[in-house]
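Participant: Residues per chain, in single letters:
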Amino acid sequence: DTGVSQNPRHKITKRGQNVTFRCDPISEHNRLYWYRQTLGQGPEFLTYFQNEAQLEKSRLLSDRFSAERPKGSFSTLEIQRTEQGDSAMYLCASSFGTSGSDEQFFGPGTRLTVL
Amino acid sequence: DAKTTQPTSMDCAEGRAANLPCNHSTISGNEYVYWYRQIHSQGPQYIIHGLKNNETNEMASLIITEDRKSSTLILPHATLRDTAVYYCIVRRRQGAQKLVFGQGTRLTINP
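So the sequence lines, in the order shown, correspond to chains E and W.
When the first sequence is numbered by my numbering, its final residue is 115 and no position is left out of the sequence of numbers.
When the second sequence is numbered by my numbering, its final residue is 226 and no position is left out of the sequence of numbers.
Hints were generated in silico from the structure; no laboratory data involved.
Just so you know, even glycine gets a beta-carbon here, dropped at the ideal spot from N, CA and C.
Don't take each hint at face value.
Stated by the list, open to error - So these bits of chain W aren't anywhere near chain E, every CB distance computed over 12 Å:
no.	residue
1	K167
2	D182
3	S185
4	I224
Unchecked claim - Chain E is nowhere near these chain W residues, computed Cβ spacing over 10 Å in every case:
no.	residue
5	M125
6	Q160
7	E181
8	Q212
To be verified - Below are the DSBU-like pairs computed for lysine-lysine, each with C-alpha atoms no more than 35 Å apart in a straight line:
no.	chain 1	residue 1	chain 2	residue 2
9	W	K167	E	K57
10	W	K118	E	K11
11	W	K184	E	K57
Input sequences plus hints: build the corresponding full structure.
Facilitator: So this is what it looks like as structure tokens:
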């Protein structure tokens, strides 16, 4: 399967714990996006990387959230001191940025439940 | 990015054409109309996009009005697997652009 993969698919944690999610983009894609989706809502943008550089962050990304993309390949999203409001689906997408095309391909998501 | 307005939900009979409308009256000249869909418990899936001409691919057709203020996504022969939330998104195509999702239209295909 050459699509975007995300691990784990589900994560249950207790309030106050730290969690880390991983996203493996399509291999030749240089752009990587993170989105968050709560129940009944459309996905909301969190942050974006071009290669290893994090170029944009939403104000939704509080200081408890950090994302990295070392070497411009896979990416990790860490949430420190989780809160119940962090419960959501975390989606990763990648794209091959050229002069005109930036269709984003999404992974299956990681569903986080904070108890 | 321009805001879009879509009906909250729609129903369609299996085998019939599903026509999903989208209003984007504030769209600007360099903005494209994109459609994604999200099947339950999966990530969004790209369907099609267009600027001003009608577009067709293996999944769907996109009809954009001449004034570009609205568009319609057409699934020509809907199947049960087309049941999903469909998102109409307006964005500039050039460069990296985050997708701004609205509430979308929940399309239910009935047998």
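Participant: The structure should be examined with respect to each hint, and the outcome stated for every one.
Facilitator: Status of the hints after comparison with the structure:
A cut-off of 12 Å between C-beta atoms confirms that W/K167 is not in contact with chain E; the least separation is 15 Å. No Cβ of chain E approaches the Cβ of W/D182 within 12 Å, the least distance being about 24 Å, so the stated non-interface status holds. Residue-level check passed: W/S185 sits 19 Å from the nearest beta carbon of chain E, beyond 12 Å. The Cβ of W/I224 sits about 20 Å from the closest Cβ of chain E, beyond the 12 Å cut-off, so the non-interface label holds.
For W/M125, the requirement that its beta carbon stay farther than 10 Å from each beta carbon of chain E is met, with the minimum near 16 Å. Non-interface status of W/Q160 relative to chain E is broken: a Cβ of that chain comes within 10 Å, the nearest being about 7 Å off. The claim that W/E181 lies off the interface holds: its Cβ sits roughly 23 Å from the closest Cβ of chain E, which is beyond the 10 Å cut-off. For W/Q212, the condition that its CB be more than 10 Å from all CB atoms of chain E is violated, with the nearest at approximately 6 Å.
With a C-alpha separation of about 31 Å, the suggested pair W/K167 and E/K57 falls inside the 35 Å cut-off, and the hint holds. Our distance criterion of 35 Å between C-alpha atoms is met by W/K118 and E/K11, whose separation comes to about 33 Å. With a C-alpha separation of about 30 Å, the suggested pair W/K184 and E/K57 falls inside the 35 Å cut-off, and the hint holds.
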